[in-house]
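There are 2 protein chains.
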Amino acid sequence: MYNFEYQNPVKIIFGKGGIRKVGANIPKGSKILLTYGGGSIFKNGVYDQVKAAIKDFEVVEFGGIEPNPHYETLMKAVEVVKNENITFLLSVGGGSVIDGTKFIAAAACFKNGDPWDILSKRALVEDAVPHGTVLTLPATGSEMNSGAVITRMETTEKLSFMSPKVMPLFSVLDPETIYSLPEKQIANGIVDAFVHVIEQYLTFPVNSPIQDRFAESIMKTLIEEGPKVLADQNNYDAAANFMWSATMALNGLIGVGVPQDWATHMIGHELTAYHGIDHARTLAIVLPGVMHIKRKQKENKLLQLGERVWKITEGNVDERIDQTIRKTAEFFESVGIPTKLPDYNVATDTIDSICSRFEKRGYKIGEKADIGPADIRAILENRL
Amino acid sequence: MYNFEYQNPVKIIFGKGGIRKVGANIPKGSKILLTYGGGSIFKNGVYDQVKAAIKDFEVVEFGGIEPNPHYETLMKAVEVVKNENITFLLSVGGGSVIDGTKFIAAAACFKNGDPWDILSKRALVEDAVPHGTVLTLPATGSEMNSGAVITRMETTEKLSFMSPKVMPLFSVLDPETIYSLPEKQIANGIVDAFVHVIEQYLTFPVNSPIQDRFAESIMKTLIEEGPKVLADQNNYDAAANFMWSATMALNGLIGVGVPQDWATHMIGHELTAYHGIDHARTLAIVLPGVMHIKRKQKENKLLQLGERVWKITEGNVDERIDQTIRKTAEFFESVGIPTKLPDYNVATDTIDSICSRFEKRGYKIGEKADIGPADIRAILENRL
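Protein chains in written order, with the working numbering: chain A, 1 to 384; chain B, 1 to 384.
Same shape as in the complex, but just chain A (with noise of 0.2 angstroms):
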């Protein structure tokens, strides 16, 4: 195991009517900005719950925020939080709304410059407006760590920042707020949660079973759990367990003291970049190819993978990592996305310009910094 520092603050408010709990968990006398998306909240109830709960305070609301959240949109927010002296942002919605209010809680207090700064250079976040979440969408993880992934639109650049400073105070996680979303975005959140697992475990063991069990029972639990939430969306218990696996996928915990490869979202942030695909499902066609190309470094996770996650113990090493790159993509399938390329109608020549996008970078990606422009390539050609 690596050496490593972790720390977590965000208080969890996890269950059914937790929604009610907000207003306590909100220093008294702040003016809130309440942020939202496309206004999902207002069909299924959250907004009314929302609004009751923060009933006592001054609020001032700004809806609209897209998925894979616009820097233009967000700026437009930082304007507000100026002008309004606002003290508090609120959240409702799922990891683009949470992502698109850590950067409004960076941008509104950052001093030294151009607040694109944030993404484009990794300018240092000295101070962010304080933020609670209330998450609508388990998925990203957003609502229990650091991290934040904004779209520039006039130059079609998808790029993240990290900082302390704009992990939420307090998150409430209700799985009853996931009943009424379309199931499509059901099983993105699947997709997603499942990916973040596979970026901090698929790569070269360091001796870190703890880590690696953690990360397979999160797994595990979404293979279970995520089928019965897309059978009967009013499951409760199915709902919690998938709401809790997605946090716990990317809250830091299993990614202590361990390599990690993230190649799979590079790759995949250019998908949506290009032809505006889902994340979740960027992620579920490029997953695949990282996997068939880097089998002989990730072998001894892919065997462990094989064997633990998907009960493949039959076969030499060819066929195991065979097998288990099959059910990983069988998988996504069963949940309806797709892993191919051509059913999203993606053809070559975006596989030409996602390659020299990373050839004007200059940086390698994976665990071991060594997937340049060529792998980008096979592994893109690997799911043509």
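It is possible that part of the hints are untrue.
The list that follows gives simulated cross-link-like pairs (lysine to any residue, SDA-like), each with its CA atoms no further than 20 angstroms apart [as the list claims (entries may be wrong)]:
#, chain 1, residue 1, chain 2, residue 2
1, A, K165, B, G147
2, A, K11, B, K21
3, A, K55, A, Q7
4, A, K82, A, G29
5, A, K11, B, A24
6, A, K76, A, K55
7, A, K11, B, G252
8, A, K228, B, N207
9, B, K21, A, Y2
Hints listed in this document are in silico derivations from the structure and should not be mistaken for laboratory results.
Put chain B on the given structure of chain A with help from the hints.
The following block gives chain B in isolation, referenced to the frame of chain A:
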């Protein structure tokens, strides 16, 4: 899964060389009380490393905190904190030193009467002196939780308290600190951590697959790595995995949203109070009795423990439960910890004393609060 709230802001600094980072994690200008136990830190070099790390601070020392730390001793430290205007506590040791220092932290700030009320009446801890730890003995999980257990010699009472105010600001977990530990203390730590997991796991099912699997992950890792540490105390990887297991066993995470038992601890504390038996050893004695007497109520989880952790799949229900209890006791015996009362020269009159003490207290224990004096007698008689 039950509703829950979870927040654990302790910063973990994990790995070799971690002690060097202590100074940077203590507020500048602090006046430190350095607390420790019987002086083993002088022999293994930990004291020197700590002193070097805090050389820029004014430091007062308070050594001699006992195993099962004594209220009487700790109140002397409280006087030092007040007289010397101490502003930060740095505990260096195992669970007893850390627990004791948590009590010092709370008692020094306690304004509403006798600090003993914190233990005897669970009086609210409104404030505490900030506290960091350097762990030298993986076992209790105290380095990453809010609890402490204190013994009052005068009345042979062993009582606990919990408060988020006494959670350490940081804890340094350097696996190299355990290289020189006596074998007995390592064995105690393995059993202590294992039983902490059991207390949060071996109850009744509430559909909590993440919590269950995380608990099983920790038990499997202790079963694998514990003997490796005993075989070679300088095995860094095994020491690291043992240390991280013990912290994860009682930092609250596996206990969220699930019923908890703690009967083994409650009964075990009495064996320590009457006979001075090491805490972990009392758990190894009592647990098999609890498993046996509550086999009906715990049936589902006993079978799950048997199958997933001990690989027991043959036999009828009773046979499988018997095997599970036997395997658990054999594991304790295998690390050198006897599991029967006569092994510790405890006779039946102690059983009488313990039962009448629970009689007087008037409350029942266990996850269903249904274990009274008669059940406690049956549990202890099972261990004769």
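Okay, the hints, checked on the actual structure:
Pair hint A:K165 plus B:G147 does not hold up; C-alpha atoms about 28 angstroms apart against a cutoff of 20 angstroms. Distance check on the hinted pair: A:K11 and B:K21 sit about 26 angstroms apart at the alpha-carbon level, beyond 20 angstroms; violated. Note on A:K55 and A:Q7: the hinted pairing is violated, with a Cα-Cα distance of about 32 angstroms set against a maximum of 20 angstroms. Of the pairs offered as hints, the one joining A:K82 and A:G29 holds, with about 17 angstroms between alpha carbons and a cut-off of 20 angstroms not exceeded.
This hinted pair does not check out: A:K11 and B:A24 have alpha carbons roughly 25 angstroms apart, beyond 20 angstroms. Of the supplied pair hints, the one linking A:K76 and A:K55 is violated, its CA atoms being roughly 25 angstroms apart against a limit of 20 angstroms. Between A:K11 and B:G252, the direct Cα distance comes to roughly 13 angstroms. Compliance with the 20 angstroms bound is thereby established for this hinted pair. Distance restraint check for A:K228 and B:N207: the Cα-Cα separation of roughly 13 angstroms lies within the 20 angstroms cut-off, and the hinted pair is therefore satisfied.
For the hint linking B:K21 to A:Y2, the alpha-carbon distance of about 16 angstroms falls within 20 angstroms, and the restraint holds.
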